[in-house]
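Visitor: Chain residues, written in single-letter form:
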Amino acid sequence: MSNNRRNFLKQTAAYGATAALGPGLWASAARAESEIDVGVLFSLTGGLSIVEQSLADATLMAIDEINAAGGVMGKKLNPIVEDGASDARTFNERASKLVLRDRVPTVFGCYTSASRKAVLPIFERRNNMLFYPTYYEGFECSKNVVYTGAVPNQQLSNYIPWIINTLGKKKFFIVGSNYIYPREMAKVSKILIEQNGGEWVADEYLELGHSEWGAMVSRIKSSGCDVVLSNVVGDSVIAFYREFRNQGLTHDQLPICATVTSEIEIAAMGAEVAAGSFTSFPYFQAIDTTANNDFVERYRRFVDDSSAVTQHALECSYFQVYLWKQAVEKAGEVTPDAIREGIKGQTFDAPNGKVTVDGENLHTFLTPRIAQWGGNGQGEIIDEYPEPIKPLPYVAYGETDGDLFCSAAGLDSSRL
Amino acid sequence: MFEVLFIGLSLTSVLLLIALGLSITYGAMGVINMAHGELVMIGAYTAVLAGIHLGFNIFLSLPLAFVIAALVGLLIERVVIRRLYGRIIDTLLATWGVAIILQQLIRLEFGLTFFGISIEGLGPGLQNMRVPTFMMEPFDLMGLSIQPYRTFILCVTILLTALTWYLVYRTAIGVQVRAIMRNPQMAAACGIDVRRVSALTFAYGSGLAGVAGVLLAGFRTVMPDMGATVVVDGFLVVVVGGVGSLLGTILSSALLGQINGIVSVFSNDIIARAVVFGVVIAIILWRPRGLFSFKSR
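Chains A and B supply the protein sequences, listed in that same order.
Per my numbering, numbering through the first sequence is continuous, rising by one, with the last residue being 435.
Per my numbering, numbering through the second sequence is continuous, rising by one, with the last residue being 1610.
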């Protein structure tokens, strides 16, 4: 064990030294081969594998499709798949391996913020690129990450006004799992609630994985709120919706409006429990366009499961590979620096519609949508923005369209 | 106020349900059964699978889960625990290993995934058990809102506790179990078949865990690692109540359940959890052997 570890450290140091020689090395390493190696890093084992396996599948499907259509600049993509094992430290080790030993120019991967934060130093120190497909809390501005999932303003800026104006609900009970994503979401929500003339009566948190919701739901009942804004994550979601129903609350009178509850959680809790509640995401499986129906069909064929569900992060995992392909073709070479320059302003017709990578903060323009869950486990899209909106990772701290904190020059930390 | 007490009562019943089986295996046999949570999980999966493939509702699943969990318990006793009696730390490690094996069996669908076969209701994903609609709609009784499912859990717990009390204190086999609890060598000298009685006791405790699993499946998420948190709660109750004391187990789950319920309603769940742990530490400092314990000879 200790011997392995020592060898690993030695190798890491050796590769680190060669990598430090300069960017020219990347080009020669890539040119020598007829294939382009890319890293795919998700948890294939452990508690998070339920979701992350499907993200890895979507990534591999996109790579397969690209290879079948002739590859990138005539070269086939060769995915090197690593297992993060639902553990931030393993993510860090696997990312080091991909960047230092395999010398891939890009890694597609990571689902949780914890895993992204764990691998971020590697990508920044070695000047490599990570394509990150998950909706997340914002508050990050790295020139080594392309963020293709939603940031808080893309899930909330249409949602809160819609709840207040269309649903006519004004008193919010905010509830979430106790970590950074729900807390940042709550911060943005409060700004938007106050701007739109609503009020929030409580802002409560439960630890991740908590499954005893009796007391919390009873507090919701007696709080006098008329809508629940849920940022609850993971398996607690299921226990929450069930307890909500058990205590006699209905989504007609007191709807749960969620930001994280996707097709996966709905299927796991039993669709009848969630029927009538709402979720805001840029993508739902129920988007009824030829492009999306076709995508769902292909995904099901790819994983050989005729009832597989697709959801927001999965769709991002898929289309970000295409964005990457376009970036490489535009740049004409497969180096991290070239990819970063090439990706700026790239546009792709994803299953959810048009997506564009912002040239300033490397986040992605997405179209916010609101869906109401039906008894069949699918959302019905009842509201959507006319066009994709600009990603603002620092919206909780006052960032606006015309006043960016995170730009191509880096983060303006004096503003925080 | 009734609502607050009811939440506490409902937490109590869940704790007691989990701890009941544990207090028997731990108390009677001196086995720290880390796989107890996994037996709960097996009960929950039995309900999920029976619901999907056999069309069983919760009432039919309860006895089925008892039988299946008891059989699994018997198997664990025969294969592993039997060889480790009197080696308490070894049982801890061995049953932990058993727990991991059981989790993986569910996750890998008993190895069938390697052959490309997949069974609905197994695998690493999240599952749920359907609860009949009439058990989900609360009704009013004398101005109080009654939640049928929680009340049902409460009733089953009371029944099982009464049954366990009867078995341990009013039957011939119960006398033997209590004799073994006090002093296994002396019990054996008096002609009690210690191995057989121990195996049956372990199976019974495991069966109780299975029943707990079915009831938990109705309002919690069913997944392969659901047992891990369950077993911690169970041990808290048993240690506070005093090893081998049924009364102690009942009172300590009532104490911890009510403290948890009241604090979580008036402040929040995270503080409630901290307060519960604080109380547990204080009690163990004050009475290292738990609230009710007898001197073993």
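Rather than coming from a laboratory, the hints here were simulated on the basis of the structure.
From a predicted model like this one, the values you see are computed outputs, not experimental measurements.
Treat the hints with care, since some could be wrong.
Where chain A lies over chain B, by a calculated footprint (3+ residues, C-beta under 8 Å) [unchecked claim]:
(1) 1330-1342
(2) 1364-1377
(3) 1382-1391
(4) 1458-1471
List time: in silico DMTMM-like cross-link candidates among lysine to aspartate or glutamate, alpha-carbon distance up to 20 Å [unchecked claim]:
(5) 240(A) / 1316(B)
(6) 206(A) / 156(A)
(7) 240(A) / 1422(B)
Positions of the beta carbon are idealized from the N, C-alpha and C atoms, including for glycine.
Visitor: A separate judgement is required for each hint: does it hold in the structure or not?
Guide: Now for the hints, and whether the structure bears them out:
Coverage of a stretch by a chain is defined here by at least three residues with a beta carbon nearer than 8 Å to that chain's beta carbons; for the segment 1330-1342 of chain B and chain A the count is 0, and the condition is violated. With 0 residues having a Cβ less than 8 Å from any Cβ of chain A, the segment 1364-1377 of chain B misses the three-residue criterion, and the hint is violated. With 0 residues carrying a beta carbon less than 8 Å from a beta carbon of chain A, the segment 1382-1391 of chain B misses the three-residue requirement, and the given coverage is violated. Chain A is given as covering the segment 1458-1471 of chain B, and this holds because 4 residues of the stretch bring a CB closer than 8 Å to a CB of that chain, at least three being needed.
A threshold of 20 Å between alpha carbons decides the hint, and for residue 240(A) with residue 1316(B) the separation of about 11 Å falls inside it, so the pair holds. A distance of roughly 10 Å separates the Cα atoms of residue 206(A) and residue 156(A); the hinted pair therefore holds under the 20 Å criterion. A threshold of 20 Å between alpha carbons decides the hint, and for residue 240(A) with residue 1422(B) the separation of about 40 Å lies outside it, so the pair is violated.
The structure shown violates the earlier hints numbered 1, 2, 3 and 7.
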